[in-house]
Each structure stands twice: as structure tokens, then as C-alpha cells.
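Colleague: Sequence:
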Amino acid sequence: MMAMPEEKTAAPSLSPWRTLRNALISGLILLAPLIATVFVLVLLIQYIGGPLSGYIYPLLPESLRDFVGTKLLLDIISSILVLLLVTVVGLFNNFILGRWFTRHLDQLFLRLPGFNVVYRTVKQIVETFREQKKTVFHQVVLVQFPREGLYSVGFVTGPTKGETAAILGGEYTNVFVPTTPIPTNGFYLMVPTKELILLDMSVGEGMKMLISGGAVTPDTVPVKKS
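Residues in the sequence shown are numbered from 57 upward in steps of one, following our numbering.
Rather than coming from a laboratory, the hints here were simulated on the basis of the structure.
These figures come from a predicted structure and were not determined experimentally.
Warning: the hint list may mix true and false statements.
If you anchor each label on the Cβ, the simulated ranges turn out as follows [to be verified]:
# : residue 1 : residue 2 : range
1 : G269      : L168      : 46 to 56 Å
2 : V138      : P114      : 16 to 26 Å
3 : L168      : R203      : 46 to 56 Å
4 : F165      : N78       : 53 to 63 Å
As a list, the in silico EDC-like pairs of lysine to aspartate or glutamate whose alpha-carbon atoms are at most 16 Å apart [claimed, not checked]:
# : residue 1 : residue 2
5 : K179      : D162
6 : K250      : E204
7 : K217      : E227
8 : K250      : E227
Idealized CB from N, CA, C, for every residue including glycine.
The task is simple: from the sequences and hints, build the whole structure.
Modeller: Below, the structure is given as C-alpha cells:
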């Protein structure tokens with residue numbers, strides 16, 4: 057007897073609404089980086105170049121002021137000029153004369169009543185981030201969290217020191233475990249150093265993996281135990 061050919065079952069077709077929903081999600085994923093970039097540029101032009109161009113715009117001839125796009129072009133040019141000015145200030149501070157000038161200007165601002173409160177607060181915040189810039193997120197690691205047998209991606213912030221290290225005893229490491237997909241929140245853990253699994257991926261690659269919920273991972277992830 058001849059065997060009857062097997063009937064191929066057709067794949068279930070998606071409903072029009074589900075197709076449109078999937079297309080919308082795909083479009084948002086594809087356009088999200090572009091939208092974020094444009095949003096940042098618009099804020100940059102609005103809040104950096106806008107105030108400066110507000111002083112320059114009334115000085116332009118009326119024929120130029122009536123031209124379409126003059127205000128936007130002036131905002132863009134003003135933003136570039138402000139960024140160039142900030143760059144020049146940074147370069148000037150690399151020289152002895154520049155450091156002398158900024159030091160005395162800093163002392164003057166700290167003596168101004170009222171103004172010195174805001175200036176000192178912002179200065180302390182900036183200096184805190186500048187001092188900690190080289191110590192935050194040394195290494196990407198795997199740590200058993202929130203319980204044994206489950207692993208989370210974390211970032212080493214340094215060795216555990218001070219009173220907590222004296223109480224715990226042994227060698228411990230400070231680890232920050234961010235939440236997904238918003239890594240600004242997370243958990244601060246003090247983990248026995250010998251229990252950490254060090255990863256060779258960069259901090260940037262680790263952040264991408266966290267933000268994407270594991271959808272974006274490095275092509276190769278060589279792992280080595282501490």
C-alpha cells in the first residue's frame with residue numbers, strides 16, 4: 057500500500073490587530089534611539105542656545121528676523137558657541153594662569169552672600185562625582201541574588217572597609233545590583249569576595265544587558281571565577 061502523504065498544517069495567521077500591534081512595537085524599538093537623540097539635541101538647543109539667542113535675535117535686521125528658520129538657526133549657532141566657550145574655559149584651566157584665575161574666582165563666589173549657598177552646594181556635588189568617577193563600577197560580576205542558586209549581574213564598587221568590614225570579618229566586596237530596565241535603582245550588597253564570579257565583559261556591555269533585560273548580550277562572554 058502506498059503511504060498517504062502527510063498533510064502540512066498551515067501556521068496560524070495573526071489577526072490584523074495583533075499584526076498592527078507587533079508592527080507598532082517593532083517601530084518603537086527601531087526608532088527609540090533616534091527619538092532619544094533628537095530629544096536630547098532639542099533640550100540642548102533650547103536650554104543652552106536659547107537664552108543666548110534671545111539677546112542676539114532682537115539685534116538682527118528685520119529682514120532676517122522675518123525669515124523662516126532664523127530663530128532655530130540662531131539657537132543652534134548659539135548652542136555651538138556656548139559649548140565652545142565651555143571648552144575654552146576647560147583648556148584655559150590647564151595652564152598655571154588659568155588655575156590661578158579660577159581659584160580666586162572660586163573664592164570670590166564662596167564669599168558672596170546668598171549666592172555662595174547655591175554655589176557651594178553645586179560645587180560639592182560636582183566634586184563628589186569627580187572624586188568617585190574612577191572608583192565606581194570597576195568590574196562586572198555575577199552574584200547569587202536574591203537567593204542562592206539565582207544569579208544577578210552586578211558591578212563592583214570597591215572593597216568593603218571600615219566598621220562593616222571589621223564586623224563581618226574576612227574579605228568582602230561592595231557590589232551594586234541594578235534593577236531592570238531602569239538601572240538607576242538597585243541593591244547594595246556586601247558579598248564575600250570568593251563567591252563572586254568575575255566577567256570579562258565591559259561595564260557598558262553589562263549595562264546594555266541589564267537595560268534590555270538580557271535581550272542584548274555580548275557575542276562572547278568568557279567567565280572566570282575569582
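Colleague: Next step is simple, just say for each hint if it's right about the structure.
Modeller: Going down the list of hints, with the structure as the test:
1. G269 - L168: 46 to 56 Å: Given range 46 to 56 Å: holds, Cβ gap about 49 Å.
2. V138 - P114: 16 to 26 Å: Distance hint for V138, P114 holds at roughly 19 Å.
3. L168 - R203: 46 to 56 Å: For R203 against L168, whose Cβ atoms are near 54 Å apart, the range 46 to 56 Å holds.
4. F165 - N78: 53 to 63 Å: Holds - the Cβ-Cβ distance for F165 and N78, about 56 Å, lies within 53 to 63 Å.
5. K179 - D162: holds, 10 Å
6. K250 - E204: holds, 15 Å
7. K217 - E227: holds, 9 Å
8. K250 - E227: holds, 8 Å
Consistency note: the structure conflicts with none of the earlier hints.
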